[in-house]
Every structure is written in C-alpha cells, then in structure tokens.
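Trainee: Use the sequences and the hints to build the structure in full.
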Amino acid sequence: MTYSPPQFEELADLVWALANDRLDADGAAGLRLLLESDAASRRVYSELMDQFALLEWERGGGEGRGMVGLPAVDASIGTAVEHPVGAAVELPHPSDLEPQIPEPPLPSLSTTHYPLPTSDFVGSWAFSCMVSAVIMGVMLLVFWAMKVTHHQHIAEAPSQSAPSDAMPEMVFVGRITGMVDVKWSDDPRFLPPLSSRAYVPLGRKYILDSGLLEITYDSGAKVILQGPCSYEVESTAGGYLALGKLTARVEKERSEARDQKSDPSPLSPLPSPLFSVRTPTAVVTDLGTEFGVEVGHDGITETQVFVGEVAVVSAGEEKTAEAERHIVRAGQLARVEGKNILVTAVDRAGASDKRFFRALPKRIRNPDVYAKLVLSLQPVAYYRMERPRAEADGKVVFDSAHGMHHGALHNESGLPYLFGRFGDSLNLRGNLRGLGPEIADYVLVPNYPKAVDNQLTVATWVMLLDRSKWNWATIAGNWSHYNLREQLQQLRGQFFFGLYGDDNDLSVIILSPGDRSEIIVREGASKPLPLGQWQHVAFVVDKSIVRLYRNGVEVASKPCDGLTVDSPVSVLSIGCVASDGADATPKSCYWRGRIDELAIFHSALSADAIRRLYRCETPAPPRRFNGKEVTP
Amino acid sequence: MGNQDIDTKEFVALLTRYSRRIYSFIRVLVPNQTDAEDLFQDVSITLWGKYGTFRKGSDFRAWAFQIAHYKVLNFRQRQSRLPRLFTDDIVEKLAGDRLLLDDALEARSHALADCYQRLRLEDRELIDLRYTEAATVPSVAAQTGRSVDYVYKALRRIHGELHRCIDETIHGDDPK
Numbered sequence: 001m002t003y004s005p006p007q008f009e010e011l012a013d014l015v016w017a018l019a020n021d022r023l024d025a026d027g028a029a030g031l032r033l034l035l036e037s038d039a040a041s042r043r044v045y046s047e048l049m050d051q052f053a054l055l056e057w058e059r060g061g062g063e064g065r066g067m068v069g070l071p072a073v074d075a076s077i078g079t080a081v082e083h084p085v086g087a088a089v090e091l092p093h094p095s096d097l098e099p100q101i102p103e104p105p106l107p108s109l110s111t112t113h114y115p116l117p118t119s120d121f122v123g124s125w126a127f128s129c130m131v132s133a134v135i136m137g138v139m140l141l142v143f144w145a146m147k148v149t150h151h152q153h154i155a156e157a158p159s160q161s162a163p164s165d166a167m168p169e170m171v172f173v174g175r176i177t178g179m180v181d182v183k184w185s186d187d188p189r190f191l192p193p194l195s196s197r198a199y200v201p202l203g204r205k206y207i208l209d210s211g212l213l214e215i216t217y218d219s220g221a222k223v224i225l226q227g228p229c230s231y232e233v234e235s236t237a238g239g240y241l242a243l244g245k246l247t248a249r250v251e252k253e254r255s256e257a258r259d260q261k262s263d264p265s266p267l268s269p270l271p272s273p274l275f276s277v278r279t280p281t282a283v284v285t286d287l288g289t290e291f292g293v294e295v296g297h298d299g300i301t302e303t304q305v306f307v308g309e310v311a312v313v314s315a316g317e318e319k320t321a322e323a324e325r326h327i328v329r330a331g332q333l334a335r336v337e338g339k340n341i342l343v344t345a346v347d348r349a350g351a352s353d354k355r356f357f358r359a360l361p362k363r364i365r366n367p368d369v370y371a372k373l374v375l376s377l378q379p380v381a382y383y384r385m386e387r388p389r390a391e392a393d394g395k396v397v398f399d400s401a402h403g404m405h406h407g408a409l410h411n412e413s414g415l416p417y418l419f420g421r422f423g424d425s426l427n428l429r430g431n432l433r434g435l436g437p438e439i440a441d442y443v444l445v446p447n448y449p450k451a452v453d454n455q456l457t458v459a460t461w462v463m464l465l466d467r468s469k470w471n472w473a474t475i476a477g478n479w480s481h482y483n484l485r486e487q488l489q490q491l492r493g494q495f496f497f498g499l500y501g502d503d504n505d506l507s508v509i510i511l512s513p514g515d516r517s518e519i520i521v522r523e524g525a526s527k528p529l530p531l532g533q534w535q536h537v538a539f540v541v542d543k544s545i546v547r548l549y550r551n552g553v554e555v556a557s558k559p560c561d562g563l564t565v566d567s568p569v570s571v572l573s574i575g576c577v578a579s580d581g582a583d584a585t586p587k588s589c590y591w592r593g594r595i596d597e598l599a600i601f602h603s604a605l606s607a608d609a610i611r612r613l614y615r616c617e618t619p620a621p622p623r624r625f626n627g628k629e630v631t632p
Numbered sequence: 633m634g635n636q637d638i639d640t641k642e643f644v645a646l647l648t649r650y651s652r653r654i655y656s657f658i659r660v661l662v663p664n665q666t667d668a669e670d671l672f673q674d675v676s677i678t679l680w681g682k683y684g685t686f687r688k689g690s691d692f693r694a695w696a697f698q699i700a701h702y703k704v705l706n707f708r709q710r711q712s713r714l715p716r717l718f719t720d721d722i723v724e725k726l727a728g729d730r731l732l733l734d735d736a737l738e739a740r741s742h743a744l745a746d747c748y749q750r751l752r753l754e755d756r757e758l759i760d761l762r763y764t765e766a767a768t769v770p771s772v773a774a775q776t777g778r779s780v781d782y783v784y785k786a787l788r789r790i791h792g793e794l795h796r797c798i799d800e801t802i803h804g805d806d807p808k
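Chains A and B supply the protein sequences, listed in that same order.
Note that my numbering has the first sequence beginning at 1, numbered continuously upward.
Note that my numbering has the second sequence beginning at 633, numbered continuously upward.
It is worth saying that the hints were derived from the structure and are not from the lab.
Every clue listed holds true.
Every beta carbon over 12 Å from chain A, so not counted as near; a handful from chain B, in silico:
| # | residue |
| --- | --- |
| 1 | Ser712 |
| 2 | Arg750 |
| 3 | Gly804 |
Just some of the chain B residues that point at chain A, by a computed CB distance under 8 Å:
| # | residue |
| --- | --- |
| 4 | Tyr655 |
| 5 | Val660 |
| 6 | Gln665 |
| 7 | Phe718 |
| 8 | Thr719 |
| 9 | Leu744 |
| 10 | Leu794 |
Just so you know, these numbers come straight off a predicted model, no measurement behind them.
Cβ coordinates follow ideal geometry from the N, Cα and C atoms, glycine included.
Mentor: This is the structure in structure tokens:
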C-alpha cells in the first residue's frame with residue numbers, strides 16, 4: 001500500500017493516541033488491523049515510534065538539557081521506591097536463546113542479599129568496583145530521564161565457582177528522588193547522573209558544587225545533600241560525607257521495623273544496620289531521628305539534631321567498646337574536632353539553626369500559583385503578560401494587582417504573546433526597521449503609580465533574544481529620553497531598568513533626590529545576559545542602597561539617598577524608553593525578547609523574597625514526623 | 633585484568649554507539665514509554681553481563697536487538713494476564729521489520745535534528761516542554777495555561793510536520 005496523506009493522518013492519529021494512553025477499543029482494533037496486514041503501515045508506525053523515541057532520548061535528560069538558564073527542574077519528591085525484596089534479574093534460559101548466544105555459567109540465584117562480598121574476594125571486588133564505576137558512568141550516560149527498573153542483584157555468599165573475571169554486578173541501594181538547582185562538580189573524574197530519578201548504586205559518589213540533591217535509600221532513610229559537598233554511598237545504610245552538608249531523616253518506626261527485619265550476614269563487614277553518616281572525624285549513627293551534618297574544609301564535623309537523637313563517636317573509634325559515645329538530642333549540636341567532641345545547645349537565633357535544608361523546596365509550575373506568590377508580596381502593579389481572552393482586549397496589558405493600572409500594547413503585527421516563564425509572555429521585537437517608534441513593540445502604562453517613600457522593587461522574568469551593541473535595551477522604566485537640545489536630564493524619572501549602553505549589561509539607574517545625579521548600578525560587561533534563556537532580574541531600592549539581582553542572587557549594589565519622588569514622567573514604559581511628560585512617545589532603547597511576570601512593589605523586598613520569586617518557591621508545608629507535625 | 637579492561641572499553645564504545653537504536657527497537661515493540669525505559673535498562677545490564685559471550689567483530693547491533701527481542705517476549709509473557717494491544721504475530725512482524733528498517737530510521741534521525749530547527753519557535757518550545765522535562769501532556773497543559781486538548785492536538789500536529797519534513801529531506805519530492 002502506498003500511503004496517501006489521509007491514510008497517514010489516520011494512522012498517525014492512532015499512533016499518537018497510543019503513545020499518550022488515549023487509544024480506545026475501536027482505535028486499538030483499527031491499529032491492529034493495519035499493522036497485521038500491511039507492511040507500509042508497519043513502516044510508518046515504526047517511523048513515528050522511532051521519532052518519539054528519538055525526542056525522548058535526545059531532549060529528555062537531567063537538569064540543563066534544553067532549558068539552559070531556567071532554574072533547574074526538580075523531580076517530584078517521592079517516597080522510597082518500593083520493590084519486591086529478593087527480586088532477581090531474569091536471565092535468559094539457555095533453551096530460549098539462539099545457538100550463537102550461549103548461556104555463560106552464572107552463579108545460581110537465591111533470596112539472600114549480601115551487599116558486599118567477603119574478605120576472600122576483596123582483591124577481585126576492588127577491581128570490580130573500579131570497572132563498575134566506569135560502567136556506571138556509561139550506563140548513566142545512556143539512562144537520561146529514564147525511570148529505571150529497580151533491580152536488586154541478589155547473590156549468595158560468593159562461592160568458589162564464581163569466575164574471578166566475571167563481569168561485576170551492580171548493587172542498588174536507593175534512588176535519587178529530587179534535585180534543585182544542582183550544579184555538578186567539573187572534576188573530570190566525576191560523572192554526574194544525568195537522570196533526576198536515577199537509581200543509586202553502592203559506591204556511587206556525588207559531588208555537587210551547589211544545589212540540593214535528595215537520595216532515598218531503600219531502607220526509607222532520606223538524605224538531602226547541599227552543595228558544595230562530596231558524598232559517597234558506602235552501604236545500604238549510610239555514606240561518607242567528605243565535605244559539605246547533608247540532612248538525614250530516618251523515622252523511628254521505620255528504623256525499628258528495619259531493625260526487626262534485618263538479618264545481616266555474619267560475613268558482612270557492615271558493623272551495624274543503623275543508618276549512619278561517616279565523616280573524616282566522626283561517625284554519626286541514627287537512633288530514629290532527623291539530623292544535619294556539616295564537614296568543613298578543615299575536617300571538623302558538626303552535627304545538629306532536629307528531632308530524636310543520634311550517637312556521635314570520633315572517626316576510627318566506632319568499633320571500640322571503650323569509645324566515648326555522645327548522645328546528641330533534638331536542639332543540640334555536636335562539634336567533633338579530632339578526638340574531641342563538644343555538645344552544646346543550638347543557637348536558635350543564629351545562623352546555625354538555619355543552615356540545613358530539611359526538605360526540598362516545592363517548585364511552582366502552575367502560572368496561577370506563581371501569581372499567588374507574587375500577589376502575596378503586595379505589588380502595586382503586576383503584569384502577568386497573559387494574552388487576553390477577548391479579542392477586543394487585544395491591546396490591553398492587564399494589571400493583576402488591585403490598582404488595575406492597565407497598559408496599552410503597541411504591536412505592529414504578528415504575535416505579541418508567546419510561551420512565557422509562566423503561561424504566556426510579552427513578545428517584543430523592538431524597533432523592527434529602526435526608522436522610528438511607530439513600528440516598534442512596547443507597552444505604555446499611563447498614570448503609573450510612582451513610589452513615594454524611597455522604597456521600590458521591580459522584579460520580572462526576561463528572555464533576551466537579540467543584543468544590540470550600539471543601543472540600550474529597556475525592560476521597564478519610568479524614564480525619559482535624554483534630550484540634548486532641551487537638556488532634560490534633570491527630568492529623567494524614577495528608574496531605568498534594562499541593559500546599559502554599549503556593554504549591554506544588566507543595569508538600573510535612579511536619580512538621587514538631592515542633586516538629581518544618576519546612580520548607576522551595573523552587573524558588569526563580563527556577565528552579559530545570555531540569549532534565549534529565561535532570567536529572573538530585579539532591583540531593590542531601600543532608602544540608602546540600591547541592589548541589583550539576577551536569578552535570585554545580588555550581583556551589584558551601590559549606596560544612595562533614596563529615590564526621586566517627583567518624577568515628571570507620568571508613564572511606565574515596558575520595552576522602551578518613552579519621552580517625557582504627557583506626550584509619552586516612545587523614543588528608543590527597545591527590548592528585543594520576552595518579558596513575563598513584571599511586578600512593581602512600593603517596598604524594598606528582602607533578598608529572601610527575591611530568591612523565592614526566582615526559585616518559584618512556596619514556603620515548605622509542615623511535615624509529619626513520627627506521627628507529629630513538625631515545622632521544617 | 634588487562635583483558636577485562638579492554639573488554640570494558642569496547643563494550644562502552646559499542647553500547648554508546650548503539651544504545652539509542654536499541655531503545656528505539658524496544659520502543660517500537662513496547663508502546664508504553666515507562667515499560668520501554670525499564671526494559672532498556674534491563675537489556676543494557678544483560679548485554680553487559682553477557683558481553684563475554686559476544687563474538688568480537690560480529691554485528692553488535694543485531695546481537696543486541698536479539699537480546700532486546702527476547703526481553704520483550706519475556707516481558708509480554710509476564711504480562712500475559714493483562715489485555716494486550718499487539719498480538720504475538722504483530723510483534724514478530726514489527727521486530728523483523730525494525731531490524732531491516734534500522735539504517736533508514738537512522739537516516740531519518742539525522743534529518744529530525746534539522747527539521748526540529750525549522751519548526752516555529754512556539755512549536756519547538758512545546759516539544760521542549762514535553763520531552764526535555766519528560767512531562768506529560770496534562771502537565772505541559774498546566775504549565776502553559778492551555779487546555780489538555782489543545783496541547784495534545786498541537787503536539788500531534790507538530791509530530792506530523794516533523795514526519796513530513798523528514799520525508800521531504802530524505803526523499804525530496806518522491807511520493808511515499
């Protein structure tokens with residue numbers, strides 16, 4: 001059968017429905033009929049499924065793939081993976097295989113799990129670990145964005161029949177269950193997992209430069225690593241924190257249940273089934289608790305207990321009966337320096353109480369939920385940049401704050417709205433022909449409410465699509481175009497926010513209320529805004545200082561003595577600089593790119609609030625621990 | 633130990649080279665993405681475990697496809713009590729066709745990259761949202777503020793455009 005376009009469309013509809021679990025009984029019957037009887041249909045089917053597979057393969061993946069510049073996508077925070085204890089890898093039976101794939105001799109399977117081999121095989125295991133590390137690296141390369149069936153390789157106690165050059169088996173002890181803004185180490189010897197849901201094998205090392213990584217052990221213990229840190233999964237019940245911070249949560253009922261079930265082999269080198277974190281100077285063993293551990297560059301270990309209690313001993317003395325074992329309880333902190341262990345109460349008002357992440361922050365994806373976050377901070381104007389539903393409102397840019405200072409969109413033609421950071425965004429093409437303002441894209445908000453008491457915050461998401469070396473680019477401003485002839489510098493307005501001059505770096509300009517001198521705060525030419533990536537940008541004026549932020553981090557600041565309150569410029573311009581006064585004719589400095597979720601506050605938002613706007617975080621909800629509600 | 637080191641490097645090179653095709657082979661036979669991903673993991677581990685039996689210099693791809701085929705059959709057997717979309721006959725025919733089509737599909741995959749770039753910006757972004765974040769159609773709909781039906785149809789349209797573009801790239805104006 002030669003495929004005509006209508007036949008292709010019919011088959012493609014069926015295949016697409018199949019790929020999205022929408023194929024009904026009639027569709028299934030139709031698809032079966034086509035595939036059974038017609039080679040051309042099978043070819044088209046294979047082409048389409050291969051197309052899906054390629055996109056899943058190429059574009060799927062861990063953080064950073066395809067959305068560079070966005071806050072990293074966190075995986076959903078899930079519970080520990082449930083898998084049948086004792087599940088075995090299913091190996092092909094010799095009688096089912098073709099003769100050219102003979103079944104090699106393999107150890108027989110049993111239901112007893114031994115996480116590590118006996119000392120008789122340390123030599124071969126050490127090599128196998130090295131080989132495993134290489135293989136794991138490659139396996140992880142090809143397992144992007146894939147859910148991985150949890151295979152727990154079960155082996156009986158290594159027997160003499162196991163060949164010494166047998167390919168090493170991987171032992172999985174848990175999986176990654178969350179990632180937030182992870183930046184992996186550049187160390188060439190370290191290969192990061194490319195899937196945010198990868199299974200965690202024994203011996204795996206995780207080296208983060210920054211961000212948060214959550215690992216859930218099969219035992220139910222949850223560990224949150226905070227970069228910069230280096231952590232190695234040493235056993236099914238713990239790991240080695242060489243540097244950095246982690247929090248561990250092992251609920252008492254789970255640890256008790258585990259203690260009852262565990263039946264460690266007498267041959268196992270593991271000293272204890274309890275969850276424990278080893279550091280250069282200490283061993284912290286869980287007794288049914290939630291705790292944080294930090295290791296400094298000097299090797300000093302600090303352990304803070306949030307709930308329950310832990311036992312702390314100096315490193316190397318954990319197996320010694322005479323070792324000094326300190327029990328550290330909730331609200332206490334143990335500091336281990338060499339052989340010395342000091343236990344004190346946690347300073348609730350100080351930094352030590354807030355240095356650990358006890359839960360991964362929940363990321364907002366829904367535009368309405370993000371809007372609620374912004375509105376909770378009480379903006380005076382908030383432009384979500386959602387395309388209006390009614391065609392008659394096509395040129396209105398709605399203000400979602402209470403003041404309803406709506407803007408007027410000027411757009412020559414084409415699509416003023418495209419996909420945004422949340423929902424839609426304003427798509428500004430700038431001054432297309434550079435011949436005058438009448439063909440440019442911009443928004444003007446008449447009678448914009450200017451700040452009156454020296455406090456102002458402007459925060460928004462932007463995507464720069466074109467950089468003009470000889471032209472400034474305006475994100476937003478209450479600002480007039482400098483007119484040499486009329487020398488209107490003293491009337492320039494409250495603020496300019498955008499890219500500055502020839503260097504095109506992120507900048508904010510305000511006028512000093514006293515002498516009307518310009519205070520220019522710039523991120524710097526060495527850090528240009530990247531093209532084609534969403535960036536969260538903000539500035540905050542707080543009576544005595546102007547701070548500039550990008551992606552939740554302060555990038556520049558300068559002292560000031562407040563804002564020019566009596567700005568003669570009446571409009572807020574978005575995407576351009578307007579002329580002064582009531583004329584409000586856009587003049588220049590057009591933005592080429594997108595703008596989304598532009599919010600203006602007559603208050604100086606805190607650094608924490610700016611960070612939350614960037615990280616799209618809602619406050620962590622209260623959690624239950626051992627049946628009681630606890631505040632993170 | 634030296635031989636094992638060489639074996640490891642060879643296996644790594646071969647698996648890296650053919651892994652995408654192995655995944656695609658499985659995907660054709662197992663339409664559910666989650667099941668296909670799990671099976672791919674299973675196949676990769678088995679390939680590694682059985683690499684010692686692979687005859688160096690022979691067709692790694694065909695060998696890997698055979699093991700993948702076996703794994704798919706095993707998987708179907710384990711699921712025998714559940715309703716199945718494809719009959720055994722269809723699976724056998726698809727598997728046979730798939731091996732023969734592999735080179736042609738590889739050529740299509742090269743064309744896909746170019747065709748992706750030719751999509752409208754909005755369409756590329758929708759593809760990115762769906763596949764880069766491994767999202768579902770409903771979650772893409774939630775993120776973009778569009779209806780599920782809109783996103784479903786839009787992605788369907790985009791896939792059709794990609795398929796046509798790939799055909800034109802490979803075949804020129806030749807009809808199917």
